[in-house]
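> In case you want the letters, here they are:
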Amino acid sequence: MTRAGKTVEESIVERSRWLISLRWIAIAGVILTAAAANLVFKIPLPVIPLLSIVGILIVYNLIFTFLIVRLRDGFANLQISLDLACLATLVHFSGGIENPFLFYFIFHMIIASILLSRRAAFLQATFAVALFLAMVTIEYTGAMRHYCLVSFIIKDQHSNLLYIGVVSFVFVSTLYIAVYMATSITKRLREREASLAQANALLNEKDRIKSEYVLRVTHDIKEHLSAIQSCVETVAGGIAGELNEKQANLLQRADDRTAKLMVFVKALVEITRIKLAQEIEFDYFSLKDTIESAINFVDTKARNKGIIINSSIAPAVDMINGAQVYIEETIANILANAVKYTSAGGRVSIDVEDDGGNVLIRVRDTGIGIPKGEIGKLFEEFYRATNARFTEKSGTGLGLAIAKQVVARHGGKIWVESEEGAGSTFSIILPKGGVQG
Amino acid sequence: MAKILIIDDDADITEAMRVVLESKSHWVISAKSGEEGLAKARAQRPDLIILDVMMETTDKGFEVARELKKDDLLKSVPVLMLTALKDKMGLDFKKEAGDSVWLPVEAYLEKPLKPEDLISKVEHFLRR
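Those protein sequence lines, which keep their order, are chains A and B.
If you read the first sequence in this note's numbering, its first letter stands for residue 1, the second for the next number, and so on.
If you read the second sequence in this note's numbering, its first letter stands for residue 438, the second for the next number, and so on.
Don't take each hint at face value.
EDC-like cross-link-like pairs, simulated, lysine to aspartate or glutamate; straight-line CA separation at most 20 Å [said to hold, decoys possible]:
1. K260/A - D554/B
2. K551/B - E223/A
3. K469/B - D220/A
4. K461/B - E242/A
5. K260/A - E553/B
6. K551/B - D256/A
7. K222/A - D484/B
8. K260/A - E547/B
9. K469/B - E223/A
10. K558/B - E473/B
11. K507/B - D484/B
12. K551/B - D255/A
Read the hints as simulated data drawn from the structure, not as lab findings.
When you get a sec, could you build the whole thing from the sequences and use the hints?
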């Protein structure tokens, strides 16, 4: 599924996981800061209350981790509210309004703006402001004890009304401005994401229409070409009567070109059809027999070039679920390439391993290899490596693109490792269970 | 020499096959549609039938083949079906055939067919 295609539930869970991992960092931060304040800056802090809050943070972080897995719900609103309460309590026990860490509330405003709706983010800001004002009030009135930051720059300001007024004003305005700005940016990003998702869907639809058009056109071309080829071959073969040398030569040329065009059109029909197919029919078949049949397909060509194809198939390799015809064609195609681009007397080998859930098919050759900068483009439609074009004029540039489609449809992977002049190794991983990709 | 019926809506391909088969002294009759093909098969009793799968509909050929195989006088006549390999895969062979997979033809030939392949396939099935 694409990024844009993610369900709401999935993205909520994903974002909540992010919040949970941030909290582990925050917990470590609190412990380190408290330790540094105590040991390095010699600021006496109430250890037991601070550690208790850290303990509470750890407990509910574990609970949320568990809840996300079980209920597939992020509880983002609740998580942020609990964090704000914890942060207010931490600040209260470490200097109250004198503690500059007060401004860490801003981080939760940004997180709320990203995770929640704009309204909920403003409500969280209001909750933070309420917590802050409550803390300031109870410390000012003496309803609860003020923990003074002894030996710190600012101390005993919890009863200084001017200080309280200025800090409160800056604090409250900062929180609301932060939420306003962050939600504005998030809103724009969400709109952008939605429009990108829409554009992506539109592109996919256009691509499908294009493929349908290509299929219709190539199918028609193929019909006509088929008739042309049947007629030309019959005459070129002398079946319709004796030909003189010039006639035979020209008809042979026409016949060769028709055959090449036919190969190209067939490949184009095939790749377009795979792309358009919602589903291809899967069945259990013997991969071992299929590979042997693919080897047979290229054997004559290989022998003619003095190339022997070595094969080694692990005994465990047998039945897999997939589209047999496509898999056979893919393997035959890669073997045919190996033979085509390996000079006379070279070596081609195929080995197949089984790791329980998947099979790994490797085709190695001692051929011309692939230039370094071109390996990434090799599986693109119509792409042919420069040295391949030089060695072998004919080729559709579609074989590997088809192979990639086929392997992807089976939920597998295809890749190549190669060194120019030293040979190539094509590897295919196929899941035996055959999940349609 | 044998009597061969070609059922194909493509007149040009039919003509090319006719020339190839006549060069081997076979007697070729042709039909442009499934219905015409069935009528000619019943009237002329060919020794072998070459049948295109895609005519009026994408699997008209199968319909014709099933009709041929239901006919007591024609069911032993070999039917060679012309098809594109990938077309074959999309067809539902189980249609009308009860619970088992039923392939109502003797062989599939992939289009376009080389003259020498056409000759060798035809000779092979005529010898049987």
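> Hint by hint, work out which the structure violates, then give me just those numbers in ascending order.
Those not satisfied are hints 7 and 10.
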